[in-house]
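Following the hints, complete the assembly by docking chains B, C and D onto the known chain A.
So you can see what is in the structure, the chains are spelled out below.
Protein chains: 4
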Amino acid sequence: MKTKKNFFQVLAFQFLIWGAQAQEVGQSPWGPEDEIGSLNMMTDSSRIQILSQIGSGQVYDLSVDYFVGMPSFHSLGDPSYQYWLTHTPHGTVVDNPNGMGEAMNEKVSYTGDAVSMYTHMGTHIDALNHFGLNGLIWNGFSPEEHLGDKGWKKTGAEKIPPIIARGLLLDVRALVDSFPPNYRITIQDLKACLKRQKTEIQKGDVILIRTGQAKHYEDAAHYLHQYPGISLAAAQWLVEEKGAMLLGADNLSFEAFPPEKEDNWVPVHTYLLAERGVMFLEQMMLEDLAKDKVYEFAFIAASLKLRGASGSPMRPIAIPIN
Amino acid sequence: MKTKKNFFQVLAFQFLIWGAQAQEVGQSPWGPEDEIGSLNMMTDSSRIQILSQIGSGQVYDLSVDYFVGMPSFHSLGDPSYQYWLTHTPHGTVVDNPNGMGEAMNEKVSYTGDAVSMYTHMGTHIDALNHFGLNGLIWNGFSPEEHLGDKGWKKTGAEKIPPIIARGLLLDVRALVDSFPPNYRITIQDLKACLKRQKTEIQKGDVILIRTGQAKHYEDAAHYLHQYPGISLAAAQWLVEEKGAMLLGADNLSFEAFPPEKEDNWVPVHTYLLAERGVMFLEQMMLEDLAKDKVYEFAFIAASLKLRGASGSPMRPIAIPIN
Amino acid sequence: MKTKKNFFQVLAFQFLIWGAQAQEVGQSPWGPEDEIGSLNMMTDSSRIQILSQIGSGQVYDLSVDYFVGMPSFHSLGDPSYQYWLTHTPHGTVVDNPNGMGEAMNEKVSYTGDAVSMYTHMGTHIDALNHFGLNGLIWNGFSPEEHLGDKGWKKTGAEKIPPIIARGLLLDVRALVDSFPPNYRITIQDLKACLKRQKTEIQKGDVILIRTGQAKHYEDAAHYLHQYPGISLAAAQWLVEEKGAMLLGADNLSFEAFPPEKEDNWVPVHTYLLAERGVMFLEQMMLEDLAKDKVYEFAFIAASLKLRGASGSPMRPIAIPIN
Amino acid sequence: MKTKKNFFQVLAFQFLIWGAQAQEVGQSPWGPEDEIGSLNMMTDSSRIQILSQIGSGQVYDLSVDYFVGMPSFHSLGDPSYQYWLTHTPHGTVVDNPNGMGEAMNEKVSYTGDAVSMYTHMGTHIDALNHFGLNGLIWNGFSPEEHLGDKGWKKTGAEKIPPIIARGLLLDVRALVDSFPPNYRITIQDLKACLKRQKTEIQKGDVILIRTGQAKHYEDAAHYLHQYPGISLAAAQWLVEEKGAMLLGADNLSFEAFPPEKEDNWVPVHTYLLAERGVMFLEQMMLEDLAKDKVYEFAFIAASLKLRGASGSPMRPIAIPIN
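Top line first, the protein sequences correspond to chains A, B, C and D.
In terms of the numbering used here, the first sequence is residues -5 to 316.
In terms of the numbering used here, the second sequence is residues -5 to 316.
In terms of the numbering used here, the third sequence is residues -5 to 316.
In terms of the numbering used here, the fourth sequence is residues -5 to 316.
Please note that the accuracy of each hint is not assured.
No distinction is drawn between identical chains; accordingly, a pair holds when it is met within one copy or between any pair of copies.
Calculated cross-link-like contacts (lysine-lysine; reagent style DSS-like; alpha-carbon spacing at most 30 Å) [what the hints assert, rightly or not]:
#1 287 <-> 255
#2 101 <-> 255
#3 101 <-> 147
#4 153 <-> 285
#5 285 <-> 189
#6 101 <-> 153
#7 287 <-> 101
#8 147 <-> 209
#9 209 <-> 287
#10 192 <-> 285
#11 147 <-> 285
#12 285 <-> 197
#13 101 <-> 236
#14 287 <-> 197
#15 255 <-> 185
#16 287 <-> 153
#17 153 <-> 185
#18 153 <-> 192
#19 255 <-> 197
#20 189 <-> 153
#21 285 <-> 101
Calculated from the structure, these hints are not laboratory results.
Extracted from the complex, chain A is given alone in its bound form:
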């Protein structure tokens, strides 16, 4: 009887937490002007600590390629990746755009090109403004005051600093033969993974979760089909219990679809970005790290400073540490 009552009390308490606390944007512990959330955990001291542990000149490239036909989030109409040539050696001869004539343009063989893309495409980081709650974003910034036609005046991608921190690969894919469709990775999975790898999470870590989905990156239809993702509970555990500074995964959207909650179509996104101020990387390439069983490393990455943007491409690297 007592137990049951407690159980309901716990439930009610949980509901209160979710209802009253979790469903609102967080106020930053780093102050009302904070625009980078948990990345404030980085300091000169934290950086030199990890840099001084580097024990190899081997570099792991954690980014996918950008190419026409690459996977992308298009169900809400966002543009696919486009690449086009603006100048070619032959075309320059025919067009003579510089007015210097055939001899010059046959000698100087010019190639130029352009790209267009949704900012959440390829290996990239989500900025804190990407998802908010109830009309506000992290730290209470509002579109009425801070969102112009060229993006957010607050928490735009240009504010994201270069990231140097301890990285930890959680090779969840190595635990199983395959995942069920749309599988959601649990706290138990993460714990099993840590045990299997004989690794521990440290406060301030960059946690990269391997689902193995990146194997299919060249085949967009396969990559986008029923991929596994991280559950809300697992994300909460990493952030609240373990003190992770930054998360990442090798799938399209970090979390899985359809959403695990009825009242929120991207509960992991809003939890991390809007409630907790924790950014994360998507569409990473973690296959080489996994193959070589490199679980701990210096994580170094710097996203493009796209002013006002809700996300930004980056090409992170990992260097094994001692």
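Below, chains B, C and D without anything else, positioned relative to chain A:
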């Protein structure tokens, strides 16, 4: 008489070198399949050597922001940087693109955005295919065989590895009060700079030349106006005499315009990319390094892997070394 | 005395009109759901009336070309016109995008291309939502209710019907040797023009005003430099006194800059679109009509149905009438 | 015996025709500089003839809307239609792009927008350079001489004149309850259609073939799925037997897929454009004409003059004739 004869012989010899050698694309000393030129100088050993010298957790960001109105090379019709919102918190409520209705879209405040750009915009690296000579690019690759509608099958930006090397700032701007319009930096300037800084170039260095032009980056018209650049002779000296692996500068196009040679409108570009296989970075932000007199550092950068592209944005960082 | 008093009364009344009436968006006489303003003047009867007067098979093309480098309104960061090839005969052979191999792609020579543009570029029509007043557009529609991320739910370019009406060229340029910089065409100019041409405006006309600026269309810098435009008074006279249904001109922005009023940077735009529900065409090509002294014609045009858009390209034609 | 021999002779002859004649680009009967093929059939006389038959002021709009998510040919990586806002009333207040401040930007409510698209999207016309044979296009123009980075110097969309001609709807869809998947419309179908409608084809006609597919235009997946198209034989019959000047249909690609010939993946395209110099329209909206049984009409259309392009959007109209 003999001297005079010798003088003419030297001239003729020089002419032969320029005519027969320099005006043709180079064949890579790293073999017929090489696509990255001088970046082959990097090894695990060269990387750990510089990484182990890191003596600070302070990070210098060497990249400019991307924003609508930023400077760009537009005289040949290339597209300016564009940024646009594809989803906003309010617009999502009005449009209901996910079909989930007003309550959901008022709760989950979605911001998404897209960008388009010429690949030679903001802080970026020029790939070896950007400029060739006489219809070929570095190592003899031809558009007939290797250039499709989605860019080059050879030497595309996706082939450029992450770069970790010793970086050296040459603060040429510190030598003068101001540069004359379209000033071309000479070998003497570089030597004076090294002496002033009490630094030496090492083989395999990333040499970053500060013209100070980046001060004007937010004012595109000023930034693009009669900016100083690096002379062909200075580029040759850095590569052939000093063994530089990679070059960079804080101006629009590394070299200055109008060109210093009548028969080539971008002689420094074709010399470095097509003849020597040496890439370079443009539109860098070197002001903080200069202000703090940080001349030697670990240079770490990884450009986006834009498949087939002639250039790629990157956000390099510098970390002071002991 | 009495007269003077009346004069001041009139002035005060005018001021009241401008202050109380003209500075607010208009409510459509065609009802609260109206989205096309004065184009409601068109009927089957008005169309057959003009079509039945057609007396020639000669067609005048009133549109400029779209090309990279064409003039555009870029001072607020809007994108220039871009054109790029997505498929070429040779590139298709190298890339093999359809997987059909070299023989097929050498036989079937494929060319495909894409464009991007600001919607107010080349010969185009301004939709009624392009400029509003005090946060509303024509007929009181509000962005809060009707503006999503994909444009306006009301008065978007897809609502603009094909236009068939009597067209009248007002060749103002023929009155003068040249215009002073940024000249504003007056009511007197229009009257002099009508007299010179021996033409009269009829209610429901499409009035096309030739400034001659289109002569410089291929030279963007010249075209954009200190061009003449239509004064607010002249626009008011055409609409309120003469009952014009649609206006047009051969310059960048119909009106001239800098603006003639201190409290409104585009007073002619807001007057026509927001107050009166009268659309207009910009960047037309009227040189052939002028050369042949064709002043009266059937005007036929149909803009692209760009859903939600604030403007749309069109290629109007004129056919002389009896 | 004789008959059988003749039969084989005919077959062989047909094969010769196809092998020797049809598989090469045509030389224009209008001369070596011709860039518009069969549209040369239009004259002032042909235009006034049809215009003078107009017996109604009712206008049929034959174009679909452009909107994000609209159907498009994307299997070879071509860009989807994109629309984005560059200026909004609220965003202008936040961004202050014109530097005029909050009061001005709250008063003058600015909306601007931009689009990007593949040129073969929505209701459009294919230019003669869209498909060639064996490395040449209509009239023998070659990419080596005439294809630059900004499109074709010959037969580009800017060369296509405004089109005014007799239009004839062939409502093939009215013959059947439904089409089998990927159905190819035959000569017999066209004849049955003419008989049912009691109409005849006249030399120089614009022939619009209704498959009914446009009913599904708002549902891109449905529209693109196994749609019916026009067979090569039917196209040949229309052009060679009946003297059609221009063709059109309401489906994605005029012809159906998979192709009816093994050695050519778009045999109807290459036949019409490259061999015969006959352009055609795709993705039309013919439902209203069909509903009202309007089979004969004045067809009036003018595509955007996209310089060098392989296709161009247009919004054709039809006006019933007596």
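When Cα atoms must be at most 30 Å apart, do residue 287 and residue 255 count as within-copy, between-copy, both, or neither? This pair counts as neither: shortest intra-copy Cα distance 34 Å, inter-copy 52 Å.
How do residue 153 and residue 285 come out at 30 Å by Cα distance, when the copy is not named: within, between, both, or neither? between (34 Å within a copy, 21 Å between copies)
Measure nothing new, just compare the shortest in-copy and cross-copy C-alpha distances for residue 147 and residue 285 to 30 Å and report within, between, both or neither. between (42 Å within a copy, 27 Å between copies)
Under a CA distance limit of 30 Å, which applies to residue 101 and residue 153: within one copy, between copies, both, or neither? between (43 Å within a copy, 25 Å between copies)
Which holds for residue 101 with residue 147 at a C-alpha limit of 30 Å: within a copy, between copies, both or neither? between (46 Å within a copy, 21 Å between copies)
Check residue 255 against residue 197 for me: Cα-Cα at most 30 Å, and say if that holds within a copy, between copies, both or neither. within (28 Å within a copy, 58 Å between copies)
Can you tell me if residue 101 and residue 236 fall within 30 Å by alpha carbon in one copy, between copies, both or neither? between (60 Å within a copy, 28 Å between copies)
When no copy is named, should residue 255 and residue 185 be tagged within, between, both, or neither for a Cα gap of at most 30 Å? within (23 Å within a copy, 59 Å between copies)
Have a look at residue 189 and residue 153 and pick one of within, between, both or neither, based on CA distance no larger than 30 Å. neither (36 Å within a copy, 37 Å between copies)
30 Å Cα cut-off: does residue 287 pair with residue 153 within a copy, between copies, both or neither? For residue 287 and residue 153, the Cα distance is within 30 Å only across copies (24 Å; inside one copy 33 Å).
Given a CA cutoff of 30 Å, do residue 287 and residue 101 count as a within-copy pair, a between-copy pair, both, or neither? Answer is neither: 50 Å inside a copy and 41 Å across each miss the 30 Å cutoff.
How would you classify residue 285 and residue 197 at a CA-CA limit of 30 Å: within, between, both, or neither? The answer is within: 26 Å in one copy meets 30 Å, while 34 Å across copies does not.
Of the numbered hints listed earlier, those contradicted by the structure are 1, 7, 17, 18, 20, 21.
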